[in-house]
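Student: Protein chains in written order, with this note's numbering: chain A, 1 to 385; chain B, 1 to 289.
Fair warning: there could be bad hints in the mix.
[To be verified] Pulled a few chain A residues facing chain B out of the computed Cβ check, cut under 7 Å:
(1) Ala67
(2) Met113
(3) Val114
(4) Ala173
(5) Asp219
No lab work stands behind these hints: they were computed from the structure.
Quick reminder that beta carbons are idealized off the backbone N, C-alpha and C, glycines included.
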Amino acid sequence: MKIHEYQAKELFRKYNVPVPEGKVAFSKQEAVNNAKELGNYPVVVKAQIHAGGRGKGGGVKLASSEAEVAALTDEILGMTLVTRQTGPQGKEVKKVLIEAGQNIAKELYLSIMVDRASAKVVIMASQAGGMNIEEVAAETPEKIIKVYVDPLCGIQGYHLREAAFGLEIPSAAMKQFSGMLKQLYTLFMENDCSLVEINPLILTSDDRVIALDAKVDIDANSMFRHKDLLEYRDLDEEDPLEVEASKFNLNYINLDGNVGNIVNGAGLAMATMDIIKNAGAEPANFMDVGGGASAEQVENALRIILRDDKVKAILINIFGGILRCDVFAQGIVQAAEKTGINIPLVVRMEGTNVEEGKKILEASGLNLTSAVDLKDAAAKVAAAV
Amino acid sequence: MSIFVNKNSKVLVQGITGREGQFHTRQCIEYGTSVVAGVTPGKGGQKMDDVPVFNTVADAVKTTGANTSMIFVPPPFCADAIMEAADAGVKVIIAITEGIPILDMLRVKNFLATKDCRLIGPNCPGIITPGECKIGIMPGKIHMSGGPAGVMSRSGTLTYEVVDQLTKLGIGQTTCLGIGGDPIIGTNFIDVLEAFQNDPDTKGIVMVGEIGGNAEEQAAEYIKKNVTKPVVGFISGLTAPPGRRMGHAGAIISGGSGTGQAKVEAFEKNGIHVCRNLGEIGEICAKVF
C-alpha cells in the first residue's frame, strides 16, 4: 500500500526521524494558514500524489511570500501532474504539503527494503542524493552502498557505522545520523514496510541530517495487524474500478487495450494477457479471480469489466481444477444473463468435467463463442475486436 | 523416481480442520497420499474423517512418524506454523497459504537456514509425484505418471495448463511442483533443477517463470553450467506494466529489473528452449524431450 509523503513524515515524527516542519493543505486558504504558522520564508509547496519525480513534473515549488504561497497552491492544486511514474495520463493533485525551506549543504540518498535474493533487509545509501536512484544504480553502481541486516539479529552498531562512513557523514553529525538510521530501521520493521526511502536526505550547513522527502510503502499482506495504518489509504489515488474489484477480493489492474479478460490464477492471467497480444490484440486488464474461484466471483469480475468502456470483447479463460467446469459454465451463463452482456464473449474452459461444461454453454442460447484451446481462444477474441 | 516426495511420504496437515484443509486433505487421500495426521491447536484427540488430529506438530510427529507437512494455516499464523514444523523435525514442509507478510517470511527463511528441512512455497499449489502422492491443491486427474518431464513453476493454474498439454500429448511427469508466487520462498528454481538433474527418470525439465525478481536469470546461468538435460522455458507477464503487482506478491517489475524480456533473453543466451506462446508449450516439449 502506498501512502503520501505527508503521511510518511507523520510516521517519521513518531519515530523521531527528523523532518522539516510542515502540514498538509487541501485548499488555498489552508495552505496560506500553514505558511503563516511556519512564520519564515521561503516555504516549499509540494504536490501530494502517489508517484515519484514530482519536482521534475512541476509539482514542487519554492515560495518566498504569502502571496506566492497562494499563487503556487492555486497552480498546483487541481493540476494533472505527469511524472515518470504516473504514466502519460498523469494524476490530479488534490492536496499540497506546505513545508519550511531548508539550508542544504549536501544531498544524500537513503532507503531500506527487503532483498529477495539474500532474504535480508538491505540499507541502500548513496552520496548521489536527489537524483533518480535507478539511474545511479545503472550508470555508477559503485556510488551505492549496500548494508545487509539479518532480520533475526536486528540492526547493530557496525551496520550504522558502515552506512555513516560510506556516506562520509561529518563527525559532528555522526551521532544524530546513527540514531536516525536505527529509528528508521525500527519504523521499517514495526510497520511491515516494503520500502522506506528518503531522497534526498539532507545535511544542513550546521551539521544536522533531515529527511527532506519521505516515501513509505506498506506490505498489503500485513494490514491485518496495522489497522491504524489503514487510515492512510487514499482511494482518490486508485483506479475506481480497481477499488471496486478489491472489495470482492479480485486481483484487477486496468490497462490500455480493448480485450477484457477473466482468468483463474495470477500466472495464467498474465499468460493470457500475453497470448492476447501475441494474437495481435491488446489486453484491457489483468483479472485474476483466484485459483479456485467460484461462479459468483466470475460474475463480479464480468460486471466490473463491462463497466470499462474501452472493452470491445471479453475472453474468459478458466482452468477448472478442483472446481468443476460444469459448475463454472452455469456461473457464466447466470452472470451473462444478469449482466446483459452485449459484446462478443469467447469462453475457453479446460479441466474437470469440461464436456458437461461445454454442453451447458451450448444449450444456454447465449451469444458466446467456445474455444478449443488457448491459441484458438486468443485468435477468436482478437478477431472479434 | 521423483524428487522431494514419493509414496513413502507420511504427510501431516497443519490446519486440517479448516474448510480448505478438510477439502484438500480428502482430495489428497483420494489420490492415494498417505495422510497420517492433522494438527489444529485445541482440537487434539479429535479426528478429521479417519485422520487423528493433534495439538502440536511435535505430538503428531512423535506419534505417527510424519515426515512431510502440508500447511493451510491462515496468513497471520502461518510463519509460526512453518517454524513449528521445522522445529519438530519435519523434513519437507509445503506451505499452500497465500498472503503471508513478507517480513514474517524473512524471519522464517533465516530461521530455516539453521534447520535440516526443505520448505516449498508459500503461496504455491504444492507438489505431486503422479501415481504416488499429491500434496497440494492441484487437480490430480490431469497428471500422467512415469516421466519423462519434470515441471516447476512459480504459478498454480498456469502449471495445470502446462501439465494438461503434456498429458494430452502422452508426455508423463516425474514430479510437478509450484515453488510459489511470493518474493521470499523456501525452494527456488536452482534447488529444483539440481534435484531434477539427479533424478534418473526425469529426462527433460519444464520451467515456468514470470516477471519480478531475478530467479529465472540465475536459474538460466545455473542450467548452462550444471544441467545436461533439455529445459523448456516459458515466462508469463511479457505484457505486464512496470510498477504494478500482478496478483502474485512477487510479480512486479521494479526499477527496470524483473522484466519478462530480460528473462527470455537470459533463457535464450543459456541454451533453454524458449516457448513464446503458452498454447504451444506441449508441442515444444514433445519435440525436445
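Student: Using Cβ atoms only, decide whether A/Met113 comes closer than 7 Å to chain B, and label the hint accordingly.
Tutor: Cβ of A/Met113 sits 9 Å from chain B, so the hint is violated.
Student: Would the hint on A/Asp219 stand, with a C-beta cut-off of 7 Å toward chain B?
Tutor: At 5 Å from the nearest chain B Cβ, A/Asp219 passes the 7 Å test, so the hint holds.
Student: Against chain B, is A/Val114 within 7 Å by beta-carbon distance?
Tutor: Where the cut-off is 7 Å and the nearest Cβ of chain B is about 6 Å from A/Val114, the hint holds.
Student: Does A/Ala173 pass the interface hint, meaning its C-beta sits closer than 7 Å to a C-beta of chain B?
Tutor: Violated. Min distance 29 Å.
Student: Classify the hint on A/Ala67 as holds or violated, based on whether any CB of chain B lies nearer than 7 Å to its CB.
Tutor: Where the cut-off is 7 Å and the nearest Cβ of chain B is about 38 Å from A/Ala67, the hint is violated.
Hint compliance for this structure: hints 1, 2 and 4 are broken, all remaining hints hold.
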